[in-house]
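Visitor: As a plain string of letters, each chain reads:
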Amino acid sequence: EAQVTQNPRYLITVTGKKLTVTCSQNMNHEYMSWYRQDPGLGLRQIYYSMNVEVTDKGDVPEGYKVSRKEKRNFPLILESPSPNQTSLYFCASSLSAGGSIQYFGAGTRLSVL
Amino acid sequence: AQSVTQPDIHITVSEGASLELRCNYSYGATPYLFWYVQSPGQGLQLLLKYFSGDTLVQGIKGFEAEFKRSQSSFNLRKPSVHWSDAAEYFCAVARDNYGQNFVFGPGTRLSVLP
Chain G
28 EAQVTQNPRY LITVTGKKLT VTCSQNMNHE YMSWYRQDPG LGLRQIYYSM
78 NVEVTDKGDV PEGYKVSRKE KRNFPLILES PSPNQTSLYF CASSLSAGGS
128 IQYFGAGTRL SVL
Chain H
-19 AQSVTQPDIH ITVSEGASLE LRCNYSYGAT PYLFWYVQSP GQGLQLLLKY
31 FSGDTLVQGI KGFEAEFKRS QSSFNLRKPS VHWSDAAEYF CAVARDNYGQ
81 NFVFGPGTRL SVLP
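Protein sequence lines, in the order shown, are assigned to chains G and H. Remember, the working numbering sits 27 above the position in the first sequence when you count from 1. For the record, in the second sequence the residue sitting at position 39 is 19 according to the working numbering, with numbers rising by one throughout.
Hint data in this document are derived by calculation from the structure and do not stem from the laboratory. It cannot be assumed that every hint is accurate.
[Said to hold, decoys possible] Quick list of the computed label-pair ranges, beta carbon to beta carbon:
| hint | chain 1 | residue 1 | chain 2 | residue 2 | range |
| --- | --- | --- | --- | --- | --- |
| 1 | G | E106 | H | L36 | 27 to 33 Å |
| 2 | G | E97 | H | Q25 | 35 to 41 Å |
| 3 | H | Q25 | G | T47 | 22 to 28 Å |
[Said to hold, decoys possible] List time: in silico DSBU-like cross-link candidates among lysine-lysine, alpha-carbon distance up to 35 Å:
| hint | chain 1 | residue 1 | chain 2 | residue 2 |
| --- | --- | --- | --- | --- |
| 4 | G | K45 | G | K98 |
| 5 | G | K45 | H | K41 |
| 6 | G | K44 | G | K96 |
| 7 | G | K96 | G | K84 |
| 8 | G | K84 | H | K41 |
| 9 | G | K98 | G | K84 |
| 10 | G | K96 | H | K48 |
| 11 | G | K45 | G | K92 |
| 12 | G | K98 | G | K44 |
Ideal Cβ placement from N, Cα and C applies to all residues, glycine included.
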């Protein structure tokens, strides 16, 4: 089944404790993105990647890191999480350029205490 | 800066009534335009998209949207709403030529009365 898989789905952590949210797609998509969703703000793009080893900042990259060492994986890293990073996070992937359909994961709800 | 506005935070319609959700964008060139739907606890699903050509685009689940360059709008419509359409709807713009650098609107939550 074609899908974008995020793990974990729920995470509670404390300020400053490094964490990684994994994202994997099985559709051989070139493009992958990370978003955070906050009430009243919609989704805001954190980072996106157009291919292996090619990443670019979205609108809210501060406090986040990403890497794209393999085509299928695009982990989101929070080196030192803070409470303002409490949010719902989505990973998405799409096949190619030109705004092809983005497929979204089910989301990761993160709480930073 | 590019932005997407959805003036209606919450809309309630009766089942069977028509629906129009508004979306306005601020962008210099003609962007790639999208509408997504998010059901509770779910990720986003693409309803339709506009790149070029015919300004009236058809999507899934009976939705359509019309691109109006003069008004910088891309409103979503459905002639007859079903209870299963209750969800949150997001308009989005891709700002780059690759169609990957996205800006989303804040969303409109749709409630459907029986």
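Visitor: K45 of chain G and K41 of chain H: Cα distance at most 35 Å?
Guide: The hint is violated at about 42 Å.
Visitor: Within 27 to 33 Å: is that where the Cβ-Cβ distance between E106 of chain G and L36 of chain H falls?
Guide: Because 47 Å falls outside the window, the suggested range is violated.
Visitor: Are the Cα positions of K96 of chain G and K48 of chain H separated by 35 Å at most?
Guide: The hint is violated at about 41 Å.
Visitor: Going straight from one Cα to the other, do K44 of chain G and K96 of chain G come out at no more than 35 Å?
Guide: 23 Å, holds
Visitor: When you check the alpha-carbon spacing of K45 of chain G and K98 of chain G, does it fall within 35 Å?
Guide: 24 Å, holds
Visitor: Can you confirm whether the C-alpha distance between K96 of chain G and K84 of chain G stays at or below 35 Å?
Guide: Judged against 35 Å, a Cα distance of about 17 Å means the pair holds.
Visitor: In this structure, is the beta-carbon distance linking E97 of chain G and Q25 of chain H contained in 35 to 41 Å?
Guide: For Q25 of chain H against E97 of chain G, whose Cβ atoms are near 26 Å apart, the range 35 to 41 Å is violated.
Visitor: Checking one constraint from the list: CA of K84 of chain G to CA of K41 of chain H, max 35 Å. Satisfied?
Guide: 33 Å, holds
Visitor: Verify the proposed pairing of K98 of chain G with K84 of chain G, using a straight-line Cα cut of 35 Å.
Guide: 18 Å, holds
Visitor: Hinted pair, alpha-carbon criterion (35 Å max): K45 of chain G, K92 of chain G. Please report holds or violated.
Guide: With a Cα-Cα distance of about 11 Å, the restraint between K45 of chain G and K92 of chain G holds, given a limit of 35 Å.
Visitor: Do Q25 of chain H and T47 of chain G keep their Cβ atoms within the hinted range of 22 to 28 Å?
Guide: Roughly 26 Å apart at Cβ, these two residues keep to the hinted range, so it holds.
Visitor: K98 of chain G and K44 of chain G were given as a pair; does the straight-line alpha-carbon distance stay at or below 35 Å?
Guide: The given pair, whose Cα atoms are some 27 Å apart, holds under the 35 Å limit.
In this structure, the earlier hints numbered 1, 2, 5, 10 are contradicted, and the remaining ones agree with it.
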